[in-house]
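Novice: Chain by chain, the residues run as shown.
2 protein chains.
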Amino acid sequence: MVETAPWITYRPELKVLDCTIRDGGLINNHQFSEELVRAVYDACVAAGVDYMEVGYKNSPRLHPREQFGPWRFCDEDLLNRIFADHDADRTGLKLAVMADAGKSDWREQIVPRNESKLDMVRVAFYAHQVSEAVEMIEHCHGLGYETSANLMAVTNIEDVEIDTVLQAIKPTPAQVMVIVDSFGHLYREQVDRLYKKYAEAMAGTGKEIGMHAHNNIQLAFANTIEAIILGANRVDATMGGLGRGAGNCHMELLLGFLRNPKFRLRPIIGLLQHHIEPLKTTVEWGPLVPYNITGQMNLHPRAAMQFRASSEKDDFVKFYDQVAADV
Amino acid sequence: MVETAPWITYRPELKVLDCTIRDGGLINNHQFSEELVRAVYDACVAAGVDYMEVGYKNSPRLHPREQFGPWRFCDEDLLNRIFADHDADRTGLKLAVMADAGKSDWREQIVPRNESKLDMVRVAFYAHQVSEAVEMIEHCHGLGYETSANLMAVTNIEDVEIDTVLQAIKPTPAQVMVIVDSFGHLYREQVDRLYKKYAEAMAGTGKEIGMHAHNNIQLAFANTIEAIILGANRVDATMGGLGRGAGNCHMELLLGFLRNPKFRLRPIIGLLQHHIEPLKTTVEWGPLVPYNITGQMNLHPRAAMQFRASSEKDDFVKFYDQVAADV
Chain A
4 MVETAPWITY RPELKVLDCT IRDGGLINNH QFSEELVRAV YDACVAAGVD YMEVGYKNSP
64 RLHPREQFGP WRFCDEDLLN RIFADHDADR TGLKLAVMAD AGKSDWREQI VPRNESKLDM
124 VRVAFYAHQV SEAVEMIEHC HGLGYETSAN LMAVTNIEDV EIDTVLQAIK PTPAQVMVIV
184 DSFGHLYREQ VDRLYKKYAE AMAGTGKEIG MHAHNNIQLA FANTIEAIIL GANRVDATMG
244 GLGRGAGNCH MELLLGFLRN PKFRLRPIIG LLQHHIEPLK TTVEWGPLVP YNITGQMNLH
304 PRAAMQFRAS SEKDDFVKFY DQVAADV
Chain B
4 MVETAPWITY RPELKVLDCT IRDGGLINNH QFSEELVRAV YDACVAAGVD YMEVGYKNSP
64 RLHPREQFGP WRFCDEDLLN RIFADHDADR TGLKLAVMAD AGKSDWREQI VPRNESKLDM
124 VRVAFYAHQV SEAVEMIEHC HGLGYETSAN LMAVTNIEDV EIDTVLQAIK PTPAQVMVIV
184 DSFGHLYREQ VDRLYKKYAE AMAGTGKEIG MHAHNNIQLA FANTIEAIIL GANRVDATMG
244 GLGRGAGNCH MELLLGFLRN PKFRLRPIIG LLQHHIEPLK TTVEWGPLVP YNITGQMNLH
304 PRAAMQFRAS SEKDDFVKFY DQVAADV
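Residue numbers (our numbering), protein chains in the order written: chain A, 4 to 330; chain B, 4 to 330.
A hint or two may mislead.
[Said to hold, decoys possible] Straight-line alpha carbon distances no greater than 30 Å define the calculated DSS-like cross-link-like pairs of lysine-lysine that follow:
1. Lys316(B) with Lys283(A)
2. Lys199(B) with Lys173(B)
3. Lys316(B) with Lys200(B)
4. Lys199(A) with Lys173(B)
5. Lys199(A) with Lys200(B)
6. Lys18(B) with Lys173(B)
7. Lys265(A) with Lys321(B)
8. Lys265(A) with Lys316(B)
9. Lys199(B) with Lys200(A)
10. Lys283(B) with Lys106(B)
11. Lys265(B) with Lys321(A)
12. Lys18(A) with Lys199(A)
13. Lys321(A) with Lys283(B)
14. Lys265(A) with Lys18(A)
15. Lys283(B) with Lys173(B)
16. Lys18(A) with Lys321(B)
17. Lys18(B) with Lys316(B)
18. Lys316(A) with Lys265(A)
19. Lys18(B) with Lys283(B)
20. Lys316(A) with Lys316(B)
21. Lys18(B) with Lys265(B)
22. Lys106(A) with Lys18(A)
23. Lys283(A) with Lys283(B)
24. Lys283(A) with Lys321(B)
25. Lys200(A) with Lys173(A)
26. Lys316(A) with Lys18(A)
27. Lys316(A) with Lys283(B)
28. Lys265(B) with Lys199(B)
29. Lys173(A) with Lys106(A)
30. Lys18(A) with Lys283(A)
31. Lys106(A) with Lys283(A)
32. Lys316(A) with Lys106(B)
33. Lys173(A) with Lys18(A)
34. Lys283(B) with Lys316(B)
35. Lys321(B) with Lys283(B)
36. Lys173(A) with Lys199(A)
37. Lys321(A) with Lys18(B)
[To be verified] Covered, in the sense of this in silico footprint (three residues per stretch, anywhere, with C-beta under 8 Å from a C-beta of chain A), are these stretches of chain B:
38. 176-183
39. 315-329
Hint data in this document are derived by calculation from the structure and do not stem from the laboratory.
Glycine residues also receive a C-beta, built at the ideal position from the N, C-alpha and C atoms.
Bound-form chain A, shown alone (with noise of 0.2 Å):
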């Protein structure tokens, strides 16, 4: 057999996300200063990188204005102020939001894309809003955009109903199917057979397999390069691994990982001393014990960013007593 070494080379089809904005928000109720969001933005031009999902359309009868910060929402006129120069065509990076099945008011929020500057609405949903989430990506297909599904939790389901839910996504216009640990509780050969559970349901669709990582065992770099190379071609990161509870996928480490020179590291390292390091201030995220005690026993985060924000943050044998109790 002829030896090779993949890890120099690259796949140019293979599109990176950064969804700082949208799932860092989750710490904060998406009380990101207009700077952050736009320095995130910068630097994700400058960096090659290929969408910014820039937060939620999110209900506001469901998330009340007072409680939530823009990035909520993402009001047109929001993003219109924002990125009043975007251009995907000359800088390649292409604009996203995040839309949740049961907590969005999609028929209103969401305008022609010709009148917006986003490019793809991504549609998270639990398994058993798959049927929203059809409508979802039908209508927002309709509208113009590129679409995405993705099936949360998917830890904490049945083989049956992954199977159905692929089903029910197979002939929607969806491009791209994720991979969403939302626990962080994935380990590789647990990726590599969902990998193959998602791309043999998708086979002959032209639907790309994405995949979303969180950090709760330190596993999130490391399961995104195993999607990777199984064949992922759609990849999520955060600036400094910023996101909810443990965080997410560092961009720091994917760029570095990812061999096409279009991708550059620089832009990412300044924004982290510029602007994500400092954030360390006001917000916590990384995986913290109670992170990986949640994600080694498939909880959600929940309980453990509760007790990071109690008096007794760090008895963590108290926490792991009250979570093993729980099991």
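Chain A is already provided as a structure; the job is to place chain B on it using the hints.
Specialist: Showing chain B alone in chain A's frame:
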């Protein structure tokens, strides 16, 4: 093909080595309190860890005692005092030390096994030191010890050098040949390639393959898992990932992954809370951006450690530019 779920079973022959004090001591010249060392020991016993590497047998000629702490030398009287009640037969925990080629007075420093608390000597060496390493292994084996061959900085040498080392180690009595990713540079396909090379070279000798990973690009745990999947039966970790620069594979993640019921996570969580987290006020470790950069560039973390000790420690772009200019 029958589908299996290997992540819910285990191999009883898989042994875990804690090298918290040995590798972590490279941060602080092995100036740990006796209380801390004993706490790590007690946690290893309680958690079912197989080996604890308590430090180096390095030469006091080359390492002045006024500059280096006692765990750099592991004098027998120290071991006899701190581990007075040590009983590997009762607890299942064996004690190990590391001896470096070129830095040890191994002919004088190492006493017969039946006069020592130690059960194992791990011989660390660079490729060009393999001849001394072979002598050291034979010497220590002659004294009754289990031995291990730890070829350091494997990402920095040619294939032909690795092959030559493996052929030199093959006929020795070393029970273990360890893959040592000193610079924290390896990705999973590279781990695969090295593992196969090591395993093929040692086939038929009964030697086990070990994995010692560093966390510069957050892949220490992932690469350790990868080696385990491939068949490695000796793996290293440290409590909280404590170790020079970016640190090591985290023991709490590793034991959370392993399914052998003899391993218990709770004592490790307690150690982290009471002894390891408090160290963060005086020493720094973990996959910080400067270590990401040296790891990606396959460099010794030395430059990053110096940078983090300087007044410019948060000027990541400056560090990136310095390092990129040198590569």
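Novice: Does each hint fit the structure? Answer for all of them.
Specialist: How the hints compare with the structure:
{"no.": "1", "hint": "Lys316(B) with Lys283(A)", "in the structure": "holds (16 Å)"}
{"no.": "2", "hint": "Lys199(B) with Lys173(B)", "in the structure": "holds (15 Å)"}
{"no.": "3", "hint": "Lys316(B) with Lys200(B)", "in the structure": "violated (39 Å)"}
{"no.": "4", "hint": "Lys199(A) with Lys173(B)", "in the structure": "violated (39 Å)"}
{"no.": "5", "hint": "Lys199(A) with Lys200(B)", "in the structure": "holds (28 Å)"}
{"no.": "6", "hint": "Lys18(B) with Lys173(B)", "in the structure": "holds (21 Å)"}
{"no.": "7", "hint": "Lys265(A) with Lys321(B)", "in the structure": "holds (22 Å)"}
{"no.": "8", "hint": "Lys265(A) with Lys316(B)", "in the structure": "holds (29 Å)"}
{"no.": "9", "hint": "Lys199(B) with Lys200(A)", "in the structure": "holds (28 Å)"}
{"no.": "10", "hint": "Lys283(B) with Lys106(B)", "in the structure": "holds (29 Å)"}
{"no.": "11", "hint": "Lys265(B) with Lys321(A)", "in the structure": "holds (22 Å)"}
{"no.": "12", "hint": "Lys18(A) with Lys199(A)", "in the structure": "holds (19 Å)"}
{"no.": "13", "hint": "Lys321(A) with Lys283(B)", "in the structure": "holds (21 Å)"}
{"no.": "14", "hint": "Lys265(A) with Lys18(A)", "in the structure": "holds (11 Å)"}
{"no.": "15", "hint": "Lys283(B) with Lys173(B)", "in the structure": "violated (41 Å)"}
{"no.": "16", "hint": "Lys18(A) with Lys321(B)", "in the structure": "holds (28 Å)"}
{"no.": "17", "hint": "Lys18(B) with Lys316(B)", "in the structure": "violated (38 Å)"}
{"no.": "18", "hint": "Lys316(A) with Lys265(A)", "in the structure": "violated (42 Å)"}
{"no.": "19", "hint": "Lys18(B) with Lys283(B)", "in the structure": "holds (28 Å)"}
{"no.": "20", "hint": "Lys316(A) with Lys316(B)", "in the structure": "holds (28 Å)"}
{"no.": "21", "hint": "Lys18(B) with Lys265(B)", "in the structure": "holds (11 Å)"}
{"no.": "22", "hint": "Lys106(A) with Lys18(A)", "in the structure": "holds (27 Å)"}
{"no.": "23", "hint": "Lys283(A) with Lys283(B)", "in the structure": "holds (16 Å)"}
{"no.": "24", "hint": "Lys283(A) with Lys321(B)", "in the structure": "holds (21 Å)"}
{"no.": "25", "hint": "Lys200(A) with Lys173(A)", "in the structure": "holds (13 Å)"}
{"no.": "26", "hint": "Lys316(A) with Lys18(A)", "in the structure": "violated (38 Å)"}
{"no.": "27", "hint": "Lys316(A) with Lys283(B)", "in the structure": "holds (16 Å)"}
{"no.": "28", "hint": "Lys265(B) with Lys199(B)", "in the structure": "holds (29 Å)"}
{"no.": "29", "hint": "Lys173(A) with Lys106(A)", "in the structure": "holds (23 Å)"}
{"no.": "30", "hint": "Lys18(A) with Lys283(A)", "in the structure": "holds (28 Å)"}
{"no.": "31", "hint": "Lys106(A) with Lys283(A)", "in the structure": "holds (29 Å)"}
{"no.": "32", "hint": "Lys316(A) with Lys106(B)", "in the structure": "violated (43 Å)"}
{"no.": "33", "hint": "Lys173(A) with Lys18(A)", "in the structure": "holds (21 Å)"}
{"no.": "34", "hint": "Lys283(B) with Lys316(B)", "in the structure": "holds (16 Å)"}
{"no.": "35", "hint": "Lys321(B) with Lys283(B)", "in the structure": "holds (25 Å)"}
{"no.": "36", "hint": "Lys173(A) with Lys199(A)", "in the structure": "holds (15 Å)"}
{"no.": "37", "hint": "Lys321(A) with Lys18(B)", "in the structure": "holds (28 Å)"}
{"no.": "38", "hint": "176-183", "in the structure": "violated (count 0)"}
{"no.": "39", "hint": "315-329", "in the structure": "holds (count 7)"}
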